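Visitor: Each chain, letter by letter, is given below.
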Amino acid sequence: MAATLVTVAVTVGLLLVVTGIALALADGGAATNDDGDAHIVPDEQASLSAVDGVEGTRLGETNDRAEELRAHEGVDHASPILAEPGHLEAVGSGEPQTVLLVGVLPDEEPRTVAGLSTSSLGDTEAGSEDGQPHGEIVLSEATADRLEASEGDELSVPDPEATANVPSLSVTVTAVEEADSDGDTDAPVALVYVTDLQSFSGAENDQLADRVTVWGDEEAISAIGAETFPEATVESQRTTDPRALFDDGLALAASVLALLVGLVICSSFIATTAGMSVNDDRRSLAVLESVGIPRRGRLTVVAVSTLATTVVGAILGVALGFAGIYGLDIAASATVAPGTVAVAHPVFAPYAVGVALLAGLIAIPYPLAIAARTSALEEVNR
Amino acid sequence: MIHRILRARGTSRSSTDEVASQAAVRLEDVTHEYGGRGRFGSSRERSVTALEEVTLTVDTGEIVGLQGPSGSGKSTILHAVSGLLVPTSGRVELLNTDLSERSDRERTRLRRTHVGIVFQRFHLLPSLSARANVALPLVQAGIPKPARRKRASELLESVGLADRTTHLPGELSGGERQRVAIARALASDPDVLVADEPTGELDTETGRSVLELLTTVGRNRAVLVASHDSETLAVTDRVVSLADGRIIDDGRSGRSNTPSS
Numbered sequence: 001m002a003a004t005l006v007t008v009a010v011t012v013g014l015l016l017v018v019t020g021i022a023l024a025l026a027d028g029g030a031a032t033n034d035d036g037d038a039h040i041v042p043d044e045q046a047s048l049s050a051v052d053g054v055e056g057t058r059l060g061e062t063n064d065r066a067e068e069l070r071a072h073e074g075v076d077h078a079s080p081i082l083a084e085p086g087h088l089e090a091v092g093s094g095e096p097q098t099v100l101l102v103g104v105l106p107d108e109e110p111r112t113v114a115g116l117s118t119s120s121l122g123d124t125e126a127g128s129e130d131g132q133p134h135g136e137i138v139l140s141e142a143t144a145d146r147l148e149a150s151e152g153d154e155l156s157v158p159d160p161e162a163t164a165n166v167p168s169l170s171v172t173v174t175a176v177e178e179a180d181s182d183g184d185t186d187a188p189v190a191l192v193y194v195t196d197l198q199s200f201s202g203a204e205n206d207q208l209a210d211r212v213t214v215w216g217d218e219e220a221i222s223a224i225g226a227e228t229f230p231e232a233t234v235e236s237q238r239t240t241d242p243r244a245l246f247d248d249g250l251a252l253a254a255s256v257l258a259l260l261v262g263l264v265i266c267s268s269f270i271a272t273t274a275g276m277s278v279n280d281d282r283r284s285l286a287v288l289e290s291v292g293i294p295r296r297g298r299l300t301v302v303a304v305s306t307l308a309t310t311v312v313g314a315i316l317g318v319a320l321g322f323a324g325i326y327g328l329d330i331a332a333s334a335t336v337a338p339g340t341v342a343v344a345h346p347v348f349a350p351y352a353v354g355v356a357l358l359a360g361l362i363a364i365p366y367p368l369a370i371a372a373r374t375s376a377l378e379e380v381n382r
Numbered sequence: 001m002i003h004r005i006l007r008a009r010g011t012s013r014s015s016t017d018e019v020a021s022q023a024a025v026r027l028e029d030v031t032h033e034y035g036g037r038g039r040f041g042s043s044r045e046r047s048v049t050a051l052e053e054v055t056l057t058v059d060t061g062e063i064v065g066l067q068g069p070s071g072s073g074k075s076t077i078l079h080a081v082s083g084l085l086v087p088t089s090g091r092v093e094l095l096n097t098d099l100s101e102r103s104d105r106e107r108t109r110l111r112r113t114h115v116g117i118v119f120q121r122f123h124l125l126p127s128l129s130a131r132a133n134v135a136l137p138l139v140q141a142g143i144p145k146p147a148r149r150k151r152a153s154e155l156l157e158s159v160g161l162a163d164r165t166t167h168l169p170g171e172l173s174g175g176e177r178q179r180v181a182i183a184r185a186l187a188s189d190p191d192v193l194v195a196d197e198p199t200g201e202l203d204t205e206t207g208r209s210v211l212e213l214l215t216t217v218g219r220n221r222a223v224l225v226a227s228h229d230s231e232t233l234a235v236t237d238r239v240v241s242l243a244d245g246r247i248i249d250d251g252r253s254g255r256s257n258t259p260s261s
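Sequences listed follow chains A and B, in order. The numbering used here puts the first residue of the first sequence at 1, with every later residue one more than the last. The numbering used here puts the first residue of the second sequence at 1, with every later residue one more than the last.
Derived by calculation from the structure, the hints in this document are not laboratory data. In this text, all values refer to a predicted model and were calculated from it rather than measured experimentally. Ideal Cβ placement from N, Cα and C applies to all residues, glycine included. Please note that the accuracy of each hint is not assured.
Derived CB-CB ranges, DEER-like [unchecked claim]: (1) Tyr326(A) x Asp104(B): 50 to 60 Å; (2) Glu171(B) x Ala369(A): 33 to 43 Å; (3) Leu357(A) x His228(B): 43 to 53 Å.
Reference listing, derived: stretches of chain B covered by chain A, where coverage requires no fewer than 3 residues with Cβ under 8 Å from a Cβ of chain A [unchecked claim]: (4) 48-56; (5) 79-91; (6) 134-143.
Given the sequences, and given the hints that come with them, work out the whole structure.
Guide: Laid out in structure tokens, this is it:
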């Protein structure tokens, strides 16, 4: 039974890690961690002036339409949010680091976007009228550590493929913020003005953004948002929703593939290890028969013990999976990937137990067949 | 304490005498062959005749010894009586019920309620305590757990293992394990007790104490004991001798209680 426990735990753990990666793909990671009251996100079904690829669909004309939103009663603030991975380096260091740049339009109120406070970016009006970049950046602690930068330092954005049409970006660190404790504390993210990031990433003309985050009265935002962005969806307070998997083809494919592979591997291992276990325990089954436990009772013992072992293995697998997701995020943040590459969700626990139980049910005919074939006479005479 | 078990059955020595003439076990012309046909109907396996036209009766209150060389059919008789095996031909009656005509499920139920089995190698479940092993036959009977524990504790006390109830089989000596096995066989207060080489794995002294226990608890039941051991057979009321699956002496015609070997 120990072998069954270990194999179920490992398989379920891997399933959760892959599902966590898929959910992070669908969710957007650290960039989506903000305190907005509502979010206007692209409708996957709509035809938009947008870039559609692995980064997902984007909204167009967001700066102008966010301004329209801000003019309405019930809306305190509205900001396009654009997230782009980019390379930053401290001037003269020659060591560019990968950071998730999150563009936001700040106002006078302190707000949180990508887990960082927007207040250090200053008011949106300052420096924007002449069309020049604001040149300010707020770093998370993880980013500051990685760049070995502190407040007041100059950072440059090296781009070996830069052309004359794409302006280079030089920014000044206005603050190093401690990211809020919402699971993305170790993500190397940085806040910049959305117009700066649009300009740098070539999204300026269409004013592209991943979403528009709105602060204010949710009902008012819902009505006005639907009117201003008819091709988009207005979502209330954002959380990591596993249903997001169904909105993202790549993430859904990854999670379904993980589910199928997990089911096949898990059920194969359970069948094999439980079958071996029953085979080793044939004498006990013979004893049960000799004391008058009927065949159905003996098979029930085998079925219950197999499924119980599977569930215990699944619970261990949940712990393993959550630990794996946490470890993966740490490893990815320390190496190549800015932001969160895998996210955990409480629904993973019942999901994993359910998958393991299903695998157990698929596997159970094999140990039952071995148990049914056991001859009490052969075993008690051995 | 042993007498408590006897009292629990609602019998006394005098009442045992009254029922002594009732046949608890009856085998009529029982023949059993092992093998004979390979898988897929081929006849590659050579058949072995384990029993050949065996007729035997064991009355309630009688302890019958089965003796004979290995392969003579002693264990096969015990398996037939306990319903673990259906003979190729002939009748096996347990308390006037023909086992041969009963389904596997019915034979299992009859075994659970009327037959206690003691094996040479004890066959206790290693992961269960002595008390849980003894209570095992009561689980299927639908007896509540507290009552099962009480009954098992009483039985263990009756076989002198009151201080071993929570011990695992691996923590017990051979003699103690066989006592647990006997207590388990008595759990459902069976009418018939079958024991296959009950002292085969025990030293002489321990074997004697187990035999004493077996004869005491068997006085108001029908008991069948298969053994090579003359000391074991000496405590029986009658010794049936077997050779090549046939009864060569049923212990009634000549002097009983004396093994021929």
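Visitor: Do at least three Cβ atoms from the region 134-143 of chain B come closer than 8 Å to Cβ atoms of chain A?
Guide: holds (count 4)
Visitor: Does the hinted range 43 to 53 Å hold for Leu357(A) and His228(B) at CB?
Guide: holds, 51 Å
Visitor: With 50 to 60 Å as the target window, see if Tyr326(A) and Asp104(B) comply at their CB atoms.
Guide: Hint holds: Cβ distance 54 Å, inside 50 to 60 Å.
Visitor: Taking 8 Å as the Cβ threshold, is the statement that the region 79-91 of chain B is covered by chain A upheld or broken by the three-residue rule?
Guide: holds (count 4)
Visitor: Please check whether Glu171(B) and Ala369(A) have a Cβ separation lying inside 33 to 43 Å.
Guide: Check passed, 34 Å falls within 33 to 43 Å.
Visitor: Cut-off 8 Å, C-beta pairs, minimum 3 residues; does the coverage of the region 48-56 of chain B by chain A stand?
Guide: violated (count 0)
In terms of the numbered hints stated before, the structure departs from hint 4 and from no other.
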